[in-house]
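Take the sequence shown: its letters are residues 191 to 618, numbered as in the working numbering.
Hints may be right or wrong, so weigh each one.
[Unchecked claim] Derived lysine-lysine pairs resembling DSS-like cross-links, with alpha carbons at most 27 Å apart:
#1 K459 x K586
#2 K239 x K586
#3 K459 x K515
#4 K239 x K459
#5 K211 x K417
#6 K515 x K586
[Claimed, not checked] Computed spacing ranges between beta-carbons, pair by pair:
#7 L375 x L267: 32 to 40 Å
#8 A488 x S404: 23 to 31 Å
#9 L591 x Q205: 15 to 23 Å
#10 W383 x V497: 46 to 54 Å
Since the hints were made in silico from the structure, they are not lab data.
Model, not experiment: these values are computed from the prediction.
Quick reminder that beta carbons are idealized off the backbone N, C-alpha and C, glycines included.
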Amino acid sequence: MSQTTAPAVATTAEQRRVATKAVVAASIGNALEWFDIIVYASFAVVISKLFFPETSGVTGLIYTFGAFGVSYLVRPLGAMVLGSYGDRAGRKAALTMTIGIMMVGTAIMAFAPTAETIGAAAGLVILLSRLLQGFSAGGEFGTATAFLIEHAPDRKAFYASWQVATQGASMFLASLFGFGLNTWLSTEQLESWGWRVPFVFGMLIGPVGLYIRSRMSETPDFMESEKVKSPLWSTIGHNTERVLTGAAVVGLATISVYLILFMPTFAVKSLGLPAYAGYLGGIISGLVTLVGVPFIGALADRVGPVVIMRSATITAIVLAWPMFKLLVDNPSVWGLTVVEVILGVLMALYFGPLPALLAELFPTNIRTTGLSVSYNLGVTLFGGFAPLVLTWLIDKTGSLLSPSLYYIAIAVLSLFGLVVARSRYVER
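Just need the whole structure built from these sequences, with the hints factored in.
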């Protein structure tokens, strides 16, 4: 089996300097990828009204989250194309390509004409933006994780955990934008130009990340590895069980993220709370992830990723239903915030060690392909369509507790994936 949590060895100052630069290069692009994805989900109610005005209420949200979910259908394609490119041309080349594509998708979203201007075609513009972002995101996680793992001289889980920490930074910034814009702008201002502000901000980050990534060196592991003719076929054809195990393990990480992102919509549409309510928990959860995940990664280097992730999964299964029951019975801004923060803590504990665990599933010569395909298969199945599924479940069952049951079901699946990974592929 592949070993990523290697025992401590003597490292040089130059190795640590390169590893730190790798963290910066991967983090800026990764933050941009996730910031744009999270902002879209956070402003779903506004986007629904502006781009799908002929629908209303639940139907409008389903259209909006449907466009969000469709972008996830293209993520496995991006994973296969960009992941295999990373195993053939190098991690640096793939990272540069992913951020370039994401910049184009973000620019389209920032300046997209609404339905008032071009009618029904507005929805197609949104869809194009989401497809480009989905394709780019399909290659980002696997390539960035391999880049971090392979530049790390030691403490592999710690360095890889920055992949997740920057997602926390994105959640924090996106939620901060949501809270600020919903608090300080009138409804007219928010709908006319306010919702575009975070997308413009995201678009401006892109060139910085592109410049930094273009100046990084290739990873030593990639340079020394024996290349395979078709990384994609080697991954899918000969390592299918590893891919499916990885996808199952990803489940709880991705549903945690998207359940938190669903909360602003849930707060307004289901609990009757003010528009800003769902963003407070996202701000705190983002900070918890940003600050806490590197410490969790460091702990995973000592005790192994599976130990931490298994504990977080069992806790999530036990707490999910009671948390939602208390919130639904006693809806309040602070109650919602507490639920989101607990979800954020569980997400940090589970998600932090995940990149190192997934990297351990695959050998170097198919690592970006294996990471990209397994991660995006899990995200597509359990995360990307989660807001759509949760909206549909609440509408069809009439139960505001249904999101917790969906969360529990995916947590059980991830627990099974962890059992398989520990028994067959990883050492800790």
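Hint check:
Among the hinted pairs, K459 with K586 is consistent with the structure: their alpha-carbon atoms are about 15 Å apart, no more than 27 Å. Taking the CA atoms of K239 and K586, the gap is about 22 Å. The hint holds against a cut of 27 Å. Restraint check for K459 and K515: satisfied, since their Cα atoms lie roughly 17 Å apart, inside the 27 Å limit. Restraint check for K239 and K459: the C-alpha separation of about 14 Å stays at or below 27 Å, so the hint holds.
Between K211 and K417, the direct Cα distance comes to roughly 25 Å. Compliance with the 27 Å bound is thereby established for this hinted pair. A threshold of 27 Å between alpha carbons decides the hint, and for K515 with K586 the separation of about 18 Å falls inside it, so the pair holds. Under the hint 32 to 40 Å, the C-beta atoms of L375 and L267, about 37 Å apart, fit the expected range. The hinted window of 23 to 31 Å between A488 and S404 holds, with their beta carbons roughly 30 Å apart.
Range check, L591 to Q205: Cβ separation about 51 Å, and the 15 to 23 Å hint is violated. Checked against the given bound of 46 to 54 Å, the beta carbons of W383 and V497, roughly 49 Å apart, stay inside it.
Checked against the numbered hints above, the structure violates only hint 9.
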